[in-house]
Amino acid sequence: MEDRTTLNRQLAQMLKGGVIMDVTTPEQARIAEAAGACAVMALERIPADIRAAGGVSRMSDPKMIKGIQQAVSIPVMAKCRIGHFAEAQILEAIEIDYIDESEVLSPADDIYHIDKRKFKVPFVCGAKDLGEALRRINEGATMIRTKGEPGTGDIIQAIRHMRLMQSEIRRLVSMSEDELYEAAKQLRVPFDLVKFVHENGKLPVVNFAAGGVATPADAALMMQLGAEGVFVGSGIFKSGNPEKRAQAIVKAVTNYNNPAILAELSEDLGEAMVGINESEIELLMAERGK
Amino acid sequence: MKIAILALQGAFAEHEQMLHLLGVETILVRNLDDWQSFLSSNGVGLVIPGGESTSMMRIMRDEGLFEPIREAILGGLPVLGTCAGLIMLDRIHLDVMDILAKRNAYGRQLGSFNYEGEFKGLGKVPMTFIRAPYIEEAGHDVEILATVEGKIIAARQKNMLVTAFHPELTDDTRIHKLFLKIVEEGHPSSL
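Heads up: the sequence lines are chains A and B, in that order.
Reading the first sequence from the start, the letters are residues 1 to 290 in my numbering.
Reading the second sequence from the start, the letters are residues 1 to 191 in my numbering.
One chain only, chain A, in its complex shape:
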């Protein structure tokens, strides 16, 4: 494998057991870093506001992203639209640490994702099932996250994606080797990737949870279901006490298996983000880009 791909997968390994937080200002970025975030996602509007505003949503202003890069020492990620490789080139030019080719923004291309192997900068992509995850990895993604349903504060979709992915992985593991060719055909991915999952029981890259995480308990639930870390978007800065909630979610990811500590962390956090129920959503972002 190419050196750069390996290094980019390895950066994701360093983020494991951590929380990546959406931030819209340098001030929020500093709060996130102080609370123990392992990286921040710089964007102009958090998903809940993107959802509320409607219209076309695009890559953030590079100047705004640079402001956040100057404010913190942890890795800074930013989003580009699905298939919009020019936006990705711009993010690479400002030396972003990770690009999220994200369904949260309006897709630029309804057929092709970005050929991520052409870039030196790493990419994280969303996936709702194993096939999507492996297709993104084949295109060069070096980190995967569930799609969840961003901006809702509802965990149900992230759970559905993580459970589906894990059960599909278990299925591949249990197959005999000659069955893998057909599995690769059905998943629409190269045989080598299917074989890796069959032999290792996991994706070849780090897999985070994203979408709808609003409480320490949500984060712990995703970790117990096999997530290796958590993205929190609207859940922190749309809540009553962002600082305290951010710290609590960070510690919940570390101690996801310790209910006594989780109980302490869940106390007195103030109001969680209001949230929108899955059945109340008109726009399913997870359906973008398969």
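Hints were generated in silico from the structure; no laboratory data involved.
Even glycine gets a Cβ: it sits at the ideal position worked out from N, Cα and C.
Careful: at least some of the hints might be erroneous.
Stated by the list, open to error - The following label-pair restraints were derived from C-beta to C-beta distances: (1) Tyr112/A / Leu39/B: 47 to 57 Å; (2) Ile92/B / Gln186/A: 49 to 59 Å; (3) Glu149/B / Asp3/A: 15 to 25 Å; (4) Met64/A / Glu136/B: 30 to 40 Å; (5) Gln186/A / Glu71/B: 48 to 58 Å; (6) Arg163/A / Gly121/B: 42 to 52 Å; (7) Gly270/A / Glu67/B: 46 to 56 Å; (8) Gly76/B / Ile94/A: 42 to 52 Å; (9) Glu25/B / Pro259/A: 23 to 33 Å; (10) Glu199/A / Glu118/B: 34 to 44 Å; (11) Glu116/B / Arg163/A: 20 to 30 Å.
Take the given structure of chain A and dock chain B to it, following the hints.
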């Protein structure tokens, strides 16, 4: 006889795998209870992995692990710090080792790189640097073990061994074996 791996955030599982490969028992430390059970089970060494040092420092303080870990290291507990672990042992963090780390010394992710460099006593060692630090100041008691372009990227001071690169990400077990040798010096025939 067990080696603790600080498991607050980062690449602790990779160190765990490496130590298991070398036949060493490990315990993941996420909170004070874990730390105490490590101490009471004849714990002989500690690994602080790569990850984000700000994140690990925050959790370490809040979980009440900062002082106990600091005291144990000052008391002679052998410790291996890689990347963020190197930063955490320096003067302005745990303040146990007489070094000053420069964070993100090679810039952002585009500056991450692989290298094969000379390591004192080991010969050429594969080195993976991910948003890595280097050591910009080292006291008299600090033995310099490796440099890249004049910058110190591995060092030892008594019971403390640090690398700016990630030995846990390669197949090369020599750095971990060197650490186990330091553990043995402190606890003869413990492993």
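Exercise for the section: Could you say whether the range 49 to 59 Å given as a hint is met by the Cβ separation of isoleucine 92/B and glutamine 186/A? Expected result: Once the Cβ atoms are compared, 54 Å apart, the range 49 to 59 Å for glutamine 186/A and isoleucine 92/B holds.
Handout entry: Status of the given 15 to 25 Å range, CB of aspartate 3/A versus CB of glutamate 149/B
Key = At roughly 18 Å between Cβ atoms, aspartate 3/A and glutamate 149/B fall inside 15 to 25 Å, so the hint holds.
Exercise for the section: Indicate whether the distance between the beta carbons of glycine 270/A and glutamate 67/B respects the range 46 to 56 Å. Expected result: For glutamate 67/B against glycine 270/A, whose Cβ atoms are near 30 Å apart, the range 46 to 56 Å is violated.
Exercise for the section: Can you let me know if the beta-carbon spacing of glutamine 186/A and glutamate 71/B is within 48 to 58 Å? Expected result: About 57 Å separates the Cβ atoms of glutamine 186/A and glutamate 71/B, which means 48 to 58 Å holds.
Exercise for the section: Just tell me: holds or violated, for the beta carbon distance of methionine 64/A and glutamate 136/B against 30 to 40 Å? Expected result: With a Cβ separation near 32 Å, methionine 64/A and glutamate 136/B satisfy 30 to 40 Å, so the hint holds.
Handout entry: isoleucine 94/A and glycine 76/B - C-beta distance against the hinted 42 to 52 Å
Key = holds, 47 Å
Exercise for the section: Look at the Cβ atoms of glutamate 116/B and arginine 163/A and judge whether their distance stays inside 20 to 30 Å. Expected result: violated, 43 Å
Problem - 23 to 33 Å as the expected CB spacing between proline 259/A and glutamate 25/B, which holds or is violated - result: holds, 26 Å
Exercise for the section: Just tell me: holds or violated, for the beta carbon distance of arginine 163/A and glycine 121/B against 42 to 52 Å? Expected result: Since arginine 163/A and glycine 121/B have Cβ atoms about 49 Å apart, the given range 42 to 52 Å holds.
Problem - Cβ distance range 47 to 57 Å for tyrosine 112/A and leucine 39/B, holds or violated - result: Cβ of tyrosine 112/A to Cβ of leucine 39/B: about 56 Å, so the range 47 to 57 Å holds.
Exercise for the section: Could you tell me whether the CB distance from glutamate 199/A to glutamate 118/B stays inside 34 to 44 Å? Expected result: holds, 35 Å
In this structure, the earlier hints numbered 7, 11 are contradicted, and the remaining ones agree with it.
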